[in-house]
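Q: Could you slot chains P, R and F onto chain D? The hints should help.
Protein chains in written order, with the working numbering: chain D, 3 to 358; chain P, 3 to 358; chain R, 3 to 358; chain F, 3 to 358.
Among the clues, some could well be false.
Remember, identical chains collapse to one label, so a pair may be satisfied in a single copy or spanning two.
With a straight-line cut-off of 25 Å between C-alpha atoms, the simulated SDA-like cross-links for lysine to any residue are [what the hints assert, rightly or not]:
1. Lys143 x Arg350
2. Lys143 x Pro351
3. Lys199 x Thr299
4. Lys99 x Asp305
5. Lys143 x Thr353
6. Lys99 x Glu257
7. Lys143 x Glu352
8. Lys99 x Ser256
9. Lys143 x Asp100
10. Lys143 x Val117
11. Lys143 x Glu112
12. Lys143 x Gly316
The hints are simulated quantities; they were obtained by calculation from the structure and are not laboratory data.
Protein chains: 4
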Amino acid sequence: MNTFGRLFRVTTFGESHGPAVGAVIDGCPPGIPLEAEDVARELRRRRPGQSALVTPRDEADEPQILSGVFEGATTGTPIAVVVWNREQRPQDYEALKDVYRPGHADYTYERKYGVRDWRGSGRASGRETLGRVAGGAVAKKVLAAFGMRIEAATVQVGEVAAREWNAGEIEKNPVRSADPAAAAAMAAAIERARAEKDSLGGIVEVRIIGAPAGLGDPVFDKLGARLGAALLSIGAVKGVEIGKGFALACMRGSESNDPLGPEGFTRNFAGGVLGGISTGCPITARIAVKPASSIGTPQRTVDRGGAPREISIGGRHDPCICPRIVPVAEAMAALVMVDAVLGQRALRPETIPPLG
Amino acid sequence: MNTFGRLFRVTTFGESHGPAVGAVIDGCPPGIPLEAEDVARELRRRRPGQSALVTPRDEADEPQILSGVFEGATTGTPIAVVVWNREQRPQDYEALKDVYRPGHADYTYERKYGVRDWRGSGRASGRETLGRVAGGAVAKKVLAAFGMRIEAATVQVGEVAAREWNAGEIEKNPVRSADPAAAAAMAAAIERARAEKDSLGGIVEVRIIGAPAGLGDPVFDKLGARLGAALLSIGAVKGVEIGKGFALACMRGSESNDPLGPEGFTRNFAGGVLGGISTGCPITARIAVKPASSIGTPQRTVDRGGAPREISIGGRHDPCICPRIVPVAEAMAALVMVDAVLGQRALRPETIPPLG
Amino acid sequence: MNTFGRLFRVTTFGESHGPAVGAVIDGCPPGIPLEAEDVARELRRRRPGQSALVTPRDEADEPQILSGVFEGATTGTPIAVVVWNREQRPQDYEALKDVYRPGHADYTYERKYGVRDWRGSGRASGRETLGRVAGGAVAKKVLAAFGMRIEAATVQVGEVAAREWNAGEIEKNPVRSADPAAAAAMAAAIERARAEKDSLGGIVEVRIIGAPAGLGDPVFDKLGARLGAALLSIGAVKGVEIGKGFALACMRGSESNDPLGPEGFTRNFAGGVLGGISTGCPITARIAVKPASSIGTPQRTVDRGGAPREISIGGRHDPCICPRIVPVAEAMAALVMVDAVLGQRALRPETIPPLG
Amino acid sequence: MNTFGRLFRVTTFGESHGPAVGAVIDGCPPGIPLEAEDVARELRRRRPGQSALVTPRDEADEPQILSGVFEGATTGTPIAVVVWNREQRPQDYEALKDVYRPGHADYTYERKYGVRDWRGSGRASGRETLGRVAGGAVAKKVLAAFGMRIEAATVQVGEVAAREWNAGEIEKNPVRSADPAAAAAMAAAIERARAEKDSLGGIVEVRIIGAPAGLGDPVFDKLGARLGAALLSIGAVKGVEIGKGFALACMRGSESNDPLGPEGFTRNFAGGVLGGISTGCPITARIAVKPASSIGTPQRTVDRGGAPREISIGGRHDPCICPRIVPVAEAMAALVMVDAVLGQRALRPETIPPLG
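Excised from the complex, chain D in its bound form:
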């Protein structure tokens, strides 16, 4: 399914080397100020070629809003956004059309569909995330109107981990780290991997600030479950944790339970979610990002006939995906939060601040 959300729904489309990618955003409340630049700004953040650490491909990625906006604001009707694929060079991929790249979705797409659009990974390309980011750009405008915002940063690259969270630093360094000192070490590690025709994994953290208590559903749609689904749906993400996450496995209840004081919770190991519902504290999630699959190092694989092959993937590829996943993770978190806030408005509007 290429649609995400219940009340605020985003449907994405597009292959990397087809004519265009895009999204239709449905269920957006009317009266939210929106212009193409709001979307363009977010798209630029996920764009390749922003620094030496990411792929130097030149993608202008100018979004065009086709519907749902009138006189500078949303109308309540679906907002279609389209981004044209300027670079359509399928011939670059001719050599790979009969071979399954390790770590990629080539093999599984073919098993699922019987056919595969082999031009630049087709729908499995990172360009698929443009539609998510477009949807997230609209979602962020809605969240802002409710007094909420989202921050995300790379908190680990290979063995290098950040030690502080200084949100103002994130956009100032190419790895999108909130810790300037760690940022330099991360960049060096990525450069090293690139020089060795290899790639590196990492961890990205997402923080949702300003969410009132009471968002999320108690059983199957726990806020953590919805966030988990949203974040695990991003290509290359293989793990997610809410609050202290896997570290809780080694804790005792007397350590992990967050105490409550007259002013609310006095600690936030729960990551802002208890019983699937927001506590009013910042909501925090971390995602495990696997090393980029496209590497120049030779790898063993097979072709469509099952014959062994060795391949080295040349061309322009990110050695570490974390910096570009940051805006995608923000977008997915934003979609979840808008859905949750609208759902709670349906249930008990008096618990949600008026749209500002």
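A: Chains P, R and F in isolation, oriented as in the chain D frame:
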């Protein structure tokens, strides 16, 4: 939303101290052999009082099938299962009705709904999982007919980690470990925590065996995202990873990409999922389980009026939830897999083995 | 799918001669006063044996609420309602198990599922509507809190049509006509059909009073489309019209367009819906109800082997279903309206009156 | 919600005087031959200016496929279709921006959303149906691969009713009647209404040929209910009936029950649906189409401030919408049928013919 799934849907209901809990399973193919004992067997596995390590409450939990089964097999109509709550002792909870227990959903339910059924955590009780396990029991019968099965085990309790996976051992020890040596150490650690009026977290691993390649959807409903949502929707689960998960953050692409040989993948760091679609390898997921919230150790909190309180939670509670989460995790994984297999049957029935 | 609704969802289950039928109502706002008698009252209205005109079977149909209600009001968690089938006499149907009754779903269920629960039509029995009426009973309580109510009546039986709408009369006559004079003629027509071992069709009208303008969605979920789906999902309903409906085919635009004056619409040929959205006028729909399929008159059919058979269906059956469809139609309309009002609350809460 | 369908989903977007309208079609099986001309052919059928009977506006309406098709066939990924709005003349509507046109959605949109895109009815324009027809064009290709097809025709205009169904005639006359004699009388009636600055209603019939028995769901998603929702979601449609529909109100069971013979049903008053499931006979539905709302005759209304106004709507408008609703009704029926056939494939693939 108390419904999970698209084509195979489970709707659960019930509070811990109301008359009953249960589930309605909709979208089950006709002709699957099913009797109450199939459900009862699974429910017994999540039942309290199975060993000294879990709460000694006596819950018979005999399921009654109210519909959807005729002459020993499913008919295609909804299967309602109800389990009566034999023990309704709300008075046990009178003392807690005005205070927010740390780590519990008391505070967030009240913020969300304005009211709260304080009798034994109400809907936020672990008894809510009975409906999941009932649905999972039906799902497992469907999976079996397609040649698939699910295994789950406790792989870590506090600092004690399992080192092997011997599926035949799991039901032989009270912690449900697949490693008999680790099982003894895990049990000792749990006993120690209990003696100290405290609790312990841990990790549970789920393995899906026999899934054909091609299951799952490529974008928002990646198989890992669906499994993640399913598992993170279980109370106390605060993290999930697919395959190598968070360990991938420290790897390089040349290490993490699974090579392909003529017989298929020669390694399975991806956990059986690439691009959101099953590869044909076992599908593996691990979940972080937080320490049980109910502990005898005194904790700081507030009452409904905001006044500080100290509480110690007495009574019968599991010091480590992992052993009882094992069957719940299996159930949730089973729901995801039946949905995926039916979805792929709609798309390309020729890729799915006939119901056996 | 046995679930209806988006935000306010009802999932029903149960076969006529299995242990029970029932419903799970999910998404109900908290704080709505509700007790079993609210559901029982509505169930009695659809019960057989209320008059000489309907089947004399004795079904007590006492509903039991299993969850979701605490201290006399809804809590926001799912409300499960179960009604036990007191009369399970499958032997009555032994003779029919290998033959397809004309006008019934015997043939189509078998083609769809490969199997069929032949005991009293199984899931295709009119008893399936108990779950709908239970859900509708809860929905009506929610609507009442928003200042809305629903009226329905039989407006035609065979050739006899009602000429007035006096809502106070509906429950005073066995056909549930709002026109006392027509009621007598309708009753006579039904008696005649019964005496001749035959059955009669008719028309039921539903009116929704008090709905604010702005409910419904403009494209696929037009309010008329949602009402149409809800009403056409009732067994035996083969047509639906909103406002003037089919009569509009013979009108001109200058006749059919409702004029607007300073106080709002000065006529309501549109049936309270324009562009899929409520106008603030009463919302009106009429449904075509086919003659009851079970008749004593001999009919030609075939058995499961394809051999010709003649059957006369004996036993206790309604010669005209309209009187008993009235509460079912109300229930379905109520489900649609609660969903619409909650949806609009999510979008623009300021347009919906506070829950009273 | 601007998405229709469960397994085969169409999401539409676009206002009449914005940059473009379009659709995203998701869930289409891979391997279905598809090119832009397949969509263009259907779009031409709903285009204005095809005859003297419909509005002479010139809309080229050339669709562009942005994704989901590779080497002439669907790939299983979402198919985005966009149609640019060549004529954007909002100034034509300046005069109407502060007045509510009777029979239009002006008033209700404003009540719902608080704002309204007044340029040519915005989202409530008939151009919204372009997305439906694009989706239907893809659906028809899928149906064809399953051996099914859809026919629709105008069967009544004002008082003029067709008497025969000769499918080969439909595209030969401007009213799209299957009865050439009636077609001439219908055309004359429409011309008369136009000359009198008025409009006419009518009835359109849809027939689905080749559907196997067993499609549809027995309770809330009865095939008739799904078709009803689909057809009632088309602007100007105010009624729907399946098979004999409202005529059943005046029948007796001995007349209305379709007998079964060794070769199947020997009559089809049920319109191919029993108990919500297809019987294997042609599935037939008829829809009531209201007279076009835009008429030159002066009408009483109010402006946004509530002051009385008289308006005459000039410009290019269809005096009878039936001819152009024909392809839209076919499209909606096609969407329902593809969804039903895929749903049944998930449940019991052996009952569905292989994709041809």
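Q: Would you mind marking each hint as holding or not holding in the structure?
A: Outcome of the hint check:
1. In this assembly of identical chains, the alpha carbons of Lys143 and Arg350 lie at most 25 Å apart whether taken from the same copy (22 Å) or from different copies (16 Å).
2. Proximity of Lys143 and Pro351 under a CA criterion of 25 Å is satisfied in both settings, with 19 Å inside one chain copy and 19 Å between copies.
3. Taking the closest pair of Cα atoms, Lys199 and Thr299 come within 25 Å of each other only inside a single copy of the chain (5 Å); across copies the shortest separation is 54 Å, beyond that limit.
4. Taking the shortest Cα distances, Lys99 and Asp305 sit within 25 Å of each other inside one copy (9 Å), while across copies they are farther apart (56 Å).
5. Taking the shortest alpha-carbon separations for Lys143 and Thr353, both the intra-copy value of 20 Å and the inter-copy value of 22 Å come in at or below 25 Å.
6. For the identical chains of this complex, Lys99 and Glu257 are inter-copy neighbours only, at 24 Å across copies versus 53 Å inside a copy, given an alpha-carbon limit of 25 Å.
7. For the identical chains of this complex, Lys143 and Glu352 are neighbours both inside a copy (21 Å) and across copies (20 Å), given an alpha-carbon limit of 25 Å.
8. Proximity of Lys99 to Ser256 under the C-alpha cut-off of 25 Å is restricted to the inter-copy arrangement: shortest distance 21 Å between copies versus 56 Å within a copy.
9. For a Cα distance limit of 25 Å, the shortest separation of Lys143 from Asp100 qualifies neither inside one copy, at 44 Å, nor across copies, at 29 Å.
10. Only between protomers do Lys143 and Val117 lie at most 25 Å apart by alpha-carbon distance; the minimum there is 18 Å, versus 39 Å within a single protomer.
11. For a Cα distance limit of 25 Å, the shortest separation of Lys143 from Glu112 across copies, 22 Å, qualifies, whereas the shortest one inside one copy, 38 Å, does not.
12. Neither within a single protomer nor between protomers do Lys143 and Gly316 lie at most 25 Å apart by alpha-carbon distance, with minima of 39 Å and 40 Å respectively.
The structure does not agree with the numbered hints 9 and 12 stated previously, though it agrees with the rest.
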